[in-house]
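K.L.:
So you can see what is in the structure, the chains are spelled out below.
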Amino acid sequence: MAFVNMKSKEVQAKIVYYGPGRGGKTTNLEYIYSKFRERIKSDMVSIKTHGDRTLFFDFLPFDIGKIMGYDVKVQLYTVPGQVKYDATRRLVLKGVDGMVFVADSQVEQRKKNILSLKNLQENLAVYKKSIFKIPLVIQYNKRDLEKEGVPILPVETLDKDLNAQLKVPSIPASAVTGENVVATMKKIISLTMTSLQSALK
Amino acid sequence: MGSYDDNVTFTDYTLGQEELERIEEVLGEDLIKSGVHSVILIDMAGNIIAKNDNGHCEHDLYSLAALASANFAAVDTMAKIVGEDEFSLLFHKGEAENIHFSKVNNEFLLITIFGKEVSLGLLRLKVAEAVDKINSVW
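Going line by line, the protein sequences match chains A and B. FYI, our numbering numbers position 13 of the first sequence as 13, with every residue one higher than the one before it. FYI, our numbering numbers position 121 of the second sequence as 121, with every residue one higher than the one before it.
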């Protein structure tokens with residue numbers, strides 16, 4: 001539900017990072033925030049618990065410049081990943097225009113990824129949106145753990161688990177080191193903007 | 001990868017330039033002139049629809065809008081849990097600044113930031129008037 005302001009020639013679009021708890025959604029946004037510090041005018045907002053877990057969401061507004069004469073502001077959000085926060089997770093999805101699903105590559109998180117993706121499908125359905133239609137990018141996070149000797153799933157397995165039916169762009173990444181974090185963001189912005197653009201015409 | 005359909009939808013409401021100008025005029029006439037520091041009309045997804053202020057406010061309104069819509073949604077859900085349709089007064093009091101939330105309709109919220117100079121009673125009256133006028137814009 002992107003909002004177009006005809007008066008100030010401004011478009012606001014909402015992109016939400018989704019995925020299992022401790023998967024690196026907040027770390028993605030933190031990296032973007034540190035990388036583009038000069039371009040982001042406001043502070044990153046995080047509502048978290050004392051234990052540094054996301055309680056409600058993180059929020060980062062990002063000006064990406066002009067498209068067809070409109071100033072485009074992308075609002076990046078994360079949801080809380082923990083299963084128990086489903087009610088708040090659903091609230092954050094309201095009005096979403098594009099999604100990044102941040103999967104945890106660790107072998108022991110395999111089941112949690114699948115459950116979280118299913119949960120996303122259900123929560124999108126609440127807003128009458130289909131996971132097969134919304135602009136979506138899947139990020140296989142924590143690829144750096146391989147070097148630390150932590151067992152991680154091969155990309156092929158993750159593809160089979162999560163992307164066999166969706167067939168959306170998938171990107172291996174490491175939010176901690178920043179590898180492919182910006183690439184993921186660029187991909188979802190471009191998918192979202194392409195759909196926006198065809199709707200603006 | 002050619003599986004994308006166009007699923008970006010625009011907000012159900014369309015507001016043209018004239019309507020937005022009319023709304024900003026209402027915000028200015030009814031609220032800013034009554035001593036309110038800053039006022040924003042936002043939608044439930046956290047987008048800013050219209051804003052107005054007294055020229056001395058430097059709040060981060062985009063973050064405020066995101067938080068306000070989320071806060072409103074959370075409080076609304078709490079109301080449902082305890083068997084209420086909604087809570088009628090949503091207000092946060094601070095030392096120098098206060099924030100008042102008002103539901104305009106199913107899509108919009110009016111967020112008002114004001115100081116000690118304005119009493120809560122007067123503010124609620126003015127907000128109610130502004131809400132009526134905004135609702136009559138479309």
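Hints should not be assumed to be uniformly reliable.
What the hints assert, rightly or not - In silico lysine to aspartate or glutamate, EDC-like type, Cα no more than 20 Å apart, as pairs: (1) B:K51 with A:E10; (2) B:K80 with A:D86; (3) A:K7 with B:E18; (4) A:K129 with B:E107; (5) B:K51 with A:D86.
These are calculated hints, taken from the structure and not from any lab test.
K.L.:
Does each hint fit the structure? Answer for all of them.
P.N.:
Outcome of the hint check:
1. B:K51 with A:E10: Distance of about 13 Å is within 20 Å: holds.
2. B:K80 with A:D86: Holds: B:K80 and A:D86 sit about 16 Å apart, inside 20 Å.
3. A:K7 with B:E18: Within the cut-off at roughly 8 Å; holds.
4. A:K129 with B:E107: holds, 18 Å
5. B:K51 with A:D86: violated, 32 Å
The structure fails hint 5 only (numbered hints given earlier).
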